[in-house]
Amino acid sequence: MAFLSDELRSQIESHIPDYPDKRAVTLWALHHVQDALRCVPLPAIREIAEILELHPSEVHDTMSFYGIFRDEKHQLGKDRLWVCRSVSCGLRGGEEILENLCKHYQVTPGGTSEDGKVTVEYAECLGGCEQAPCVLVNDEMFGDMTTESTIEMMDRLK
Amino acid sequence: MAEYEPVLLKRINKPDSASLAGYLADGGYDALKKALAMSPEETTNTVKDAGLRGRGGAGFPCGLKWTFLPKDHPGPIYLCVNADESEPGTFNNRILMEKDPHQLIEGIAIACYAIKSQKAYLYIRYEYGRSYRTLKKALEECYAQGILGDNIFGTGFKLDIVLHRGAGAYICGEETGLIESLEGKRAWPRIKPPFPAIEGLFRKPTIVNNVETLCCVTQILKLGGEWFKSIGVPPNPNNPRDPGSYGPKLYGISGHVNTPCCVELPMGITAGELIERYGGGVWKGRKVKAVIPGGVSMGFLTADELDTPLDFSGPGKKGCLGLGTAAVVVIDDQTRMVDVLYNLARFFSHESCGQCTPCREGTSWMTRILERMRKGQGRREDLDLLIEVAGSMGIIPGTTICGLSDGAAWPIKNAVNKFRDEFESYIESGVSTVTSAQELMQLAH
Chain A
-7 MAFLSDELRS QIESHIPDYP DKRAVTLWAL HHVQDALRCV PLPAIREIAE ILELHPSEVH
53 DTMSFYGIFR DEKHQLGKDR LWVCRSVSCG LRGGEEILEN LCKHYQVTPG GTSEDGKVTV
113 EYAECLGGCE QAPCVLVNDE MFGDMTTEST IEMMDRLK
Chain B
5 MAEYEPVLLK RINKPDSASL AGYLADGGYD ALKKALAMSP EETTNTVKDA GLRGRGGAGF
65 PCGLKWTFLP KDHPGPIYLC VNADESEPGT FNNRILMEKD PHQLIEGIAI ACYAIKSQKA
125 YLYIRYEYGR SYRTLKKALE ECYAQGILGD NIFGTGFKLD IVLHRGAGAY ICGEETGLIE
185 SLEGKRAWPR IKPPFPAIEG LFRKPTIVNN VETLCCVTQI LKLGGEWFKS IGVPPNPNNP
245 RDPGSYGPKL YGISGHVNTP CCVELPMGIT AGELIERYGG GVWKGRKVKA VIPGGVSMGF
305 LTADELDTPL DFSGPGKKGC LGLGTAAVVV IDDQTRMVDV LYNLARFFSH ESCGQCTPCR
365 EGTSWMTRIL ERMRKGQGRR EDLDLLIEVA GSMGIIPGTT ICGLSDGAAW PIKNAVNKFR
425 DEFESYIESG VSTVTSAQEL MQLAH
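Residue numbers (my numbering), protein chains in the order written: chain A, -7 to 150; chain B, 5 to 449.
Hints were generated in silico from the structure; no laboratory data involved.
Don't be surprised by glycine CBs; every beta carbon is placed ideally from N, CA and C.
Treat the hints loosely; a few may be bogus.
[Stated by the list, open to error] Below, in silico cross-link-like pairs of lysine to any residue (SDA-like), each with a Cα-Cα straight-line distance of 25 Å or less:
id, chain 1, residue 1, chain 2, residue 2
1, A, Lys70, B, Lys208
2, B, Lys291, A, Glu88
3, B, Lys140, A, Lys109
4, B, Lys226, B, Lys208
5, B, Lys208, A, Phe134
6, B, Lys189, A, Asp10
7, B, Lys321, B, Lys379
8, A, Lys109, B, Arg134
9, B, Lys103, B, Glu46
10, A, Lys14, B, Ala448
11, B, Lys379, B, Asp337
12, A, Lys65, A, Asp131
13, B, Lys140, B, Asp164
14, A, Lys14, B, Tyr130
15, B, Lys14, A, Gly135
16, B, Lys226, B, Glu46
17, B, Lys103, B, Asp34
18, B, Lys141, A, Lys65
19, B, Lys140, A, Ile8
20, B, Lys322, B, Lys379
21, B, Lys417, B, Ala448
22, A, Lys14, B, Lys379
23, B, Lys52, B, Asp337
24, A, Lys150, A, Phe134
[Said to hold, decoys possible] Looking from chain A toward chain B, a few residues come up when the C-beta cut is under 10 Å (computed):
id, residue
25, Asp10
26, Tyr58
27, Ile60
28, Ile89
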């Protein structure tokens, strides 16, 4: 039986006509799988490879290069919270917010709260420098944050 | 000086700035129609003659780049739009995409017509989810109205634009790293030549252009090359190789200022005027210690160098690498340069793609030397060691494939040279400024 659902397969396959080479769909495939499963497990890598006519090691090689993808041992929580630590946010307290959030959720950076709701990570520049310090929740950026406003926002998502 | 009226950012505060209806009501896509009434060569020449230089960081003349494509190529020819804006301090492309996506799409269509491409890939960094969704909607509107697709405005011109999401890697902003990433591989930059114009995406001739550059293309077709050349800084007559710094530029102002913002101004405003007039001055009543003129790769201007014009040649005259992305980051006089430099070095060691040893190892060692210094264990000779490591990595010495390494090394060399006394007295003091947040980040998994 296939590991990937029919829905995931058709999401992945929908990108194939956009490119002259199926390999170019690799990042899309990894994103779709991780969005649905909160990680990219090994059986998914094998099936992505099958769909895109690649060797699984080629998919794995690409996946491992980009820090955004997680294997099954590092599954993400329901929401992923990135805190920017690069220069403009760093100058305005971004790192301290990260530290406070780690304390609040009782994790080290990269970890997921015990209730499985929030994964806290640091990020390099999120491109929201005029709103520093900023955070990214999944793929939505929010600016002018404090520890308190970030926690409140994450509580509303629960 | 008369107040400059923004052009690229003219529409961003309108309530329906992102909609096709709103764009059309403001004369949108007339520039594309104008181009389609000319030949591709005339379109290319219009952009070339306007003196538009790429806004992504390198400042390469845009129209000239287009002419590097092979003549009479059977195709396909590709345009890659570089929307992987990731240089710390830089955020102007995000504003252009979120607030006025059709200005960009129009520029893409004009560029594709000029270079005879029927397919553009817009490589957008994953973190810009809002930009992605805004552009996706804008593209759907265009297809529904016949502005994209098989027979654009009934002229027979064909164009498809495909959105492609990245996955959080700074190196994808390097044009051949972007191409490798788009092809589904790790984003390892390619050895050049061949340049992408000869062999790029899927081994076909490819042009890679930045978002702001393409928005300028729209406005050049709309308002004319003469308009573009009436703004900014003409070439230095004493330097035959200076193509000038024409046109408007989006400047980002962030860091220790009262009102961080993005502002559109004629090229050549000074760093000091930008900070005072548009950034609202330094926060908390403090003074400037240093200013990053164009993203972290560029190095620093000191408080004595704020009269530097931020055009393509200004920062270089003060020992910076260049104008870069015109992302101005202000550092106040209560901040230690060693702490700022550590932040930058950490960024580059995190983002080095690992392909070239001098960069992979050099960025990591520079970070570790600064780390040791910040633990109060620095040695005087560490400063020379930093400069030695920095001097051995990059395209400039010829040891790496791409310029990430030069961008990592430059602020180190620049800061140690310009602030050497501060570094020396910091080392002698033996104090530690490592924060608990930074220690915590080392436990990341």
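Cross-check of the supplied hints:
no. : hint                  : in the structure
1   : A:Lys70 <-> B:Lys208  : violated (41 Å)
2   : B:Lys291 <-> A:Glu88  : holds (23 Å)
3   : B:Lys140 <-> A:Lys109 : violated (29 Å)
4   : B:Lys226 <-> B:Lys208 : violated (30 Å)
5   : B:Lys208 <-> A:Phe134 : violated (39 Å)
6   : B:Lys189 <-> A:Asp10  : holds (17 Å)
7   : B:Lys321 <-> B:Lys379 : violated (34 Å)
8   : A:Lys109 <-> B:Arg134 : holds (22 Å)
9   : B:Lys103 <-> B:Glu46  : violated (30 Å)
10  : A:Lys14 <-> B:Ala448  : violated (34 Å)
11  : B:Lys379 <-> B:Asp337 : holds (21 Å)
12  : A:Lys65 <-> A:Asp131  : holds (22 Å)
13  : B:Lys140 <-> B:Asp164 : holds (13 Å)
14  : A:Lys14 <-> B:Tyr130  : holds (20 Å)
15  : B:Lys14 <-> A:Gly135  : holds (23 Å)
16  : B:Lys226 <-> B:Glu46  : holds (14 Å)
17  : B:Lys103 <-> B:Asp34  : holds (19 Å)
18  : B:Lys141 <-> A:Lys65  : violated (36 Å)
19  : B:Lys140 <-> A:Ile8   : holds (17 Å)
20  : B:Lys322 <-> B:Lys379 : violated (31 Å)
21  : B:Lys417 <-> B:Ala448 : violated (29 Å)
22  : A:Lys14 <-> B:Lys379  : violated (49 Å)
23  : B:Lys52 <-> B:Asp337  : violated (43 Å)
24  : A:Lys150 <-> A:Phe134 : holds (17 Å)
25  : Asp10                 : holds (5 Å)
26  : Tyr58                 : holds (4 Å)
27  : Ile60                 : holds (4 Å)
28  : Ile89                 : holds (9 Å)
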